[in-house]
Amino acid sequence: AQTVTQSQPEMSVQEAETVTLSCTYDTSESNYYLFWYKQPPSRQMILVIRQEAYKQQNATENRFSVNFQKAAKSFSLKISDSQLGDTAMYFCAFNTDKLIFGTGTRLQVFP
Amino acid sequence: DSGVTQTPKHLITATGQRVTLRCSPRSGDLSVYWYQQSLDQGLQFLIQYYNGEERAKGNILERFSAQQFPDLHSELNLSSLELGDSALYFCASSLPGSRYNEQFFGPGTRLTVL
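Going down the list, the sequences are from chains A and B.
If you count by our numbering, then the first sequence holds residues 1 to 111, one letter each, in order.
If you count by our numbering, then the second sequence holds residues 1 to 114, one letter each, in order.
Note that these hints are calculated values from the structure, not bench results.
Given the structure is predicted, the values throughout are model-derived calculations rather than measurements.
Please note that the accuracy of each hint is not assured.
Derived CB-CB ranges, DEER-like [what the hints assert, rightly or not]:
1. A:S7 x B:L39: 17 to 23 Å
2. A:Q14 x B:P70: 48 to 54 Å
3. B:G58 x A:M11: 26 to 32 Å
4. A:S12 x B:T7: 32 to 38 Å
5. A:S74 x B:T112: 35 to 41 Å
6. A:T96 x B:E82: 28 to 34 Å
7. B:S79 x A:K78: 23 to 29 Å
8. A:N31 x B:S38: 29 to 35 Å
9. B:P8 x A:Q57: 40 to 46 Å
10. A:S42 x B:G84: 22 to 28 Å
Calculated cross-link-like contacts (lysine to any residue; reagent style SDA-like; alpha-carbon spacing at most 20 Å) [stated by the list, open to error]:
11. B:K9 x B:T20
12. B:K57 x A:Y32
13. A:K55 x B:E102
14. B:K57 x A:T3
15. A:K55 x B:T20
16. B:K57 x A:P40
17. A:K70 x B:Y100
18. A:K55 x A:S42
19. A:K55 x B:N101
20. B:K9 x A:P40
21. B:K9 x A:K55
22. B:K57 x A:Q2
23. B:K57 x A:T27
24. B:K9 x A:S42
25. A:K73 x B:Y100
26. B:K9 x A:P41
27. B:K9 x A:Q44
Note that CB positions come from ideal geometry on N, CA and C, so glycine has one too.
Only chain A is shown next, with the shape it has when bound in the complex:
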């Protein structure tokens, strides 16, 4: 079975600091995609960053970057220079033909 595990239910960080959210997954597939979605209080699902499994290079989108370790099946999200607007639930997701989500990490950014 394909599973996604987010072991940190809640995290907090001070504004302008850096925080890393963890995600591990399990699959026997060789080609797949990994995503981080953000869900702010509005409950809208917003794509933050994406990674192709066959690409060794870690994806980066402005202040967001990932540390993708394929052998370890790990896909962590680093948020640099945290902002108050980053406060949200963050979901890691794994995609072959459908998205499988982790249970989420609630991130609180404090001033």
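With chain A fixed as given, assemble chain B onto it according to the hints.
Only chain B this time, still in chain A's reference frame:
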């Protein structure tokens, strides 16, 4: 704005009733996915349609059904509603064959069963 629309935004109904949730995918997207998010939970995949045909099924109850119409909009029908069906229901769409096969989410329909 993802380009995916869902109606209604909110729905309040009673146990035993039946409701229909509607989704219009992004222009050009052929696949529609339905997800259920219960309170403080992750998203559970329910079902996928591709160009009118059912493509994949997840944890969808027998009381739930869906379809995709020729104009590619989709409807999720929930019947014999129970209190535990209260949740946020998301629709997402994608264009299979796109580079990441990424899914774009609508704003969701919040269903409350009293």
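The hints, checked one at a time:
| no. | hint | verdict |
| --- | --- | --- |
| 1 | A:S7 x B:L39: 17 to 23 Å | holds (21 Å) |
| 2 | A:Q14 x B:P70: 48 to 54 Å | holds (53 Å) |
| 3 | B:G58 x A:M11: 26 to 32 Å | holds (28 Å) |
| 4 | A:S12 x B:T7: 32 to 38 Å | holds (36 Å) |
| 5 | A:S74 x B:T112: 35 to 41 Å | holds (38 Å) |
| 6 | A:T96 x B:E82: 28 to 34 Å | holds (31 Å) |
| 7 | B:S79 x A:K78: 23 to 29 Å | violated (45 Å) |
| 8 | A:N31 x B:S38: 29 to 35 Å | holds (31 Å) |
| 9 | B:P8 x A:Q57: 40 to 46 Å | holds (43 Å) |
| 10 | A:S42 x B:G84: 22 to 28 Å | holds (24 Å) |
| 11 | B:K9 x B:T20 | holds (12 Å) |
| 12 | B:K57 x A:Y32 | holds (19 Å) |
| 13 | A:K55 x B:E102 | holds (16 Å) |
| 14 | B:K57 x A:T3 | holds (16 Å) |
| 15 | A:K55 x B:T20 | violated (41 Å) |
| 16 | B:K57 x A:P40 | violated (28 Å) |
| 17 | A:K70 x B:Y100 | holds (17 Å) |
| 18 | A:K55 x A:S42 | violated (33 Å) |
| 19 | A:K55 x B:N101 | holds (15 Å) |
| 20 | B:K9 x A:P40 | holds (17 Å) |
| 21 | B:K9 x A:K55 | violated (38 Å) |
| 22 | B:K57 x A:Q2 | holds (15 Å) |
| 23 | B:K57 x A:T27 | holds (18 Å) |
| 24 | B:K9 x A:S42 | holds (12 Å) |
| 25 | A:K73 x B:Y100 | holds (18 Å) |
| 26 | B:K9 x A:P41 | holds (15 Å) |
| 27 | B:K9 x A:Q44 | holds (12 Å) |
Hint check: violations occur at hints 7, 15, 16, 18, 21; the rest are consistent with the structure.
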